[in-house]
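A.B. asks: Sequence:
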Amino acid sequence: MIRRALHLWMFCGFVAGIGLSGCGAGSSPLPGTAPALKLQSGSGSTPIAHIVFIVQENRSFDNLFADFPGADGATRGRMKVKVLGHYRDRWVTLQSHALVTPFDIQHCHKAYLTDYDGGKMDGFGQASKGACGTSGKPVGKAVYQYVKPTDIAPYWAIANQWGLADHMFQNQGSGSFIAHQDLIRGGTQINNKFALVDNPNIMPWGCDSGPNSKTSLITAKGDYLPYQQKGPFPCTNKFPSSNGYEQISDLLDAKGVSWHYYSPCFKGYNPGNCDNGCPSICSGGILNAFDVIARVRYGSEWGTNVSMPETNVFTDIKNGNLAAVSWVIPSDANSDHPGEGCGCDDGPAWVASIVNAVGQSSYWNSSAVVILWDDWGGFYDHVAPQQDGWGGMGFRIPMLVLSPYLKVGSGSQGGYISSTPYSYGSLLRYIEENWNLPSLGTSDKTANSISDMFDYSQKARGFTVISSGRSIEYFEHQKATPQHGDPE
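Here this note's numbering is used: the sequence shown runs in plain steps of one and ends on residue 488.
For the record, the hints were derived by calculation from the structure and aren't laboratory data. Small disclaimer: the values here were computed from a predicted structure and weren't measured. Among the hints, erroneous ones may be present.
[Unchecked claim] Think about it this way: if two alpha-carbon atoms lie no more than 20 Å apart in a straight line, the pair counts; the simulated EDC-like pairs of lysine to aspartate or glutamate are:
#	residue 1	residue 2
1	K318	E473
2	K221	D117
3	K82	D117
4	K120	D89
5	K148	E246
6	K120	D316
7	K255	E433
8	K137	D104
9	K407	D452
10	K137	D151
11	K137	D89
12	K407	E476
13	K193	D117
14	K141	D117
15	K407	D117
16	K148	D117
17	K82	D67
18	K445	E246
19	K238	D250
20	K255	E301
21	K129	D117
22	K407	E433
23	K221	D67
24	K110	D250
25	K110	E473
26	K129	D104
27	K407	E473
28	K148	D67
29	K148	D89
30	K80	D117
31	K193	D388
32	K318	D455
Kindly produce the complete structure, drawing on both the sequences and the hints.
C.D. replies: Here it is as structure tokens:
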């Protein structure tokens, strides 16, 4: 049976390579898709030759999937309140809310500790609106909410038909800067004493930051050292590193495995470089993880492997240039980030457009698409994360997975729910396993791989378009605006 299945997916890969449908493909390729694709090769042990990570912003699991059937969600939570001078817990019903939220919520490491409250998971209402360091009244019940399923219909459609992980955790309890580093290396240790935590004090984040930019640090025991005391400039050539700060692109490059990191052009911070569109020298801005990696930022991979703007992903899929490993970072308007000034809610449609681009192309039969949110954004979640030093684990975030070889679940539409504990190290471990790479030796070494969500012996599943009300062309022609990323 296994030998027959391997012959099946090898044949499907050949079919995909010559631009034909079949092997379970449920849709026609996109118009203009090149008939001869650059198909990458995996390890030979799986049919997955392409994996695409779509990274959204600032949502906890309960905020998006609180009442998803069969998942570990909650529609009420514990909230610490002061009664007669003493704090007590009260049960609060989570309120259904629109995806668009008119305010941001503190979600730095200090806010994480407040929310976590020693494992009681009752301090979420104690955080304030805005970024850490700003003062304000506690946000209270406003973070005890979940998004109306109708507002995020593409996410629910993917979960119903494909895969939903309800125990995916951030590596650390901190904001987006740390999360995006964890996504490419599974940890932020700069040596055996310190790890990065929280955002640099000056934007943009990375080698393009201002000369006085510093980072904050944390020890394995959880001691917090704010940037005023210890933190280095947020570029690896300034790190006091004894471990080289190796990350996944180092392993991919060494093995000759292709990768692309699609990122918005942050015109708002470097207008001199970006007045004429988005040249390759444009700053990676706020959420570009590789802007921290000096070897990449000042090397030939900047503007090539690191591709700006993010909509280049559509061009590469159409032209048959999808890399083996890809990350796609959204613009502010398409990120799901709370408190966007534009009042936009195009995040679900943006995600659907990328999924549809892959699903309708000849890449589908050799691909896996993973959708996740980089941090919890201050929103309530009821599952207490385990603690393992270096500021984590962090809170749960949602993760969706699509692939022709994803296990078929018991849901009415075949949706599969995985309750295996995962972290960002799980994604790196899957890459390493799939392309026979060595381990980075960070959280990838001990994390559970997401490989348990796949069944490579099954017949390749066909793809059905995810409806969203927005076309790929809408996003390709979307007006570029100054980006601020995540201010915390």
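A.B. asks: Against the earlier hints, flag every one the structure doesn't satisfy and list their numbers going up.
C.D. replies: When the structure is compared with the hints, numbers 5, 6, 10, 12, 13, 15, 16, 17, 23, 24, 25, 27, 29 and 32 turn out to be violated.
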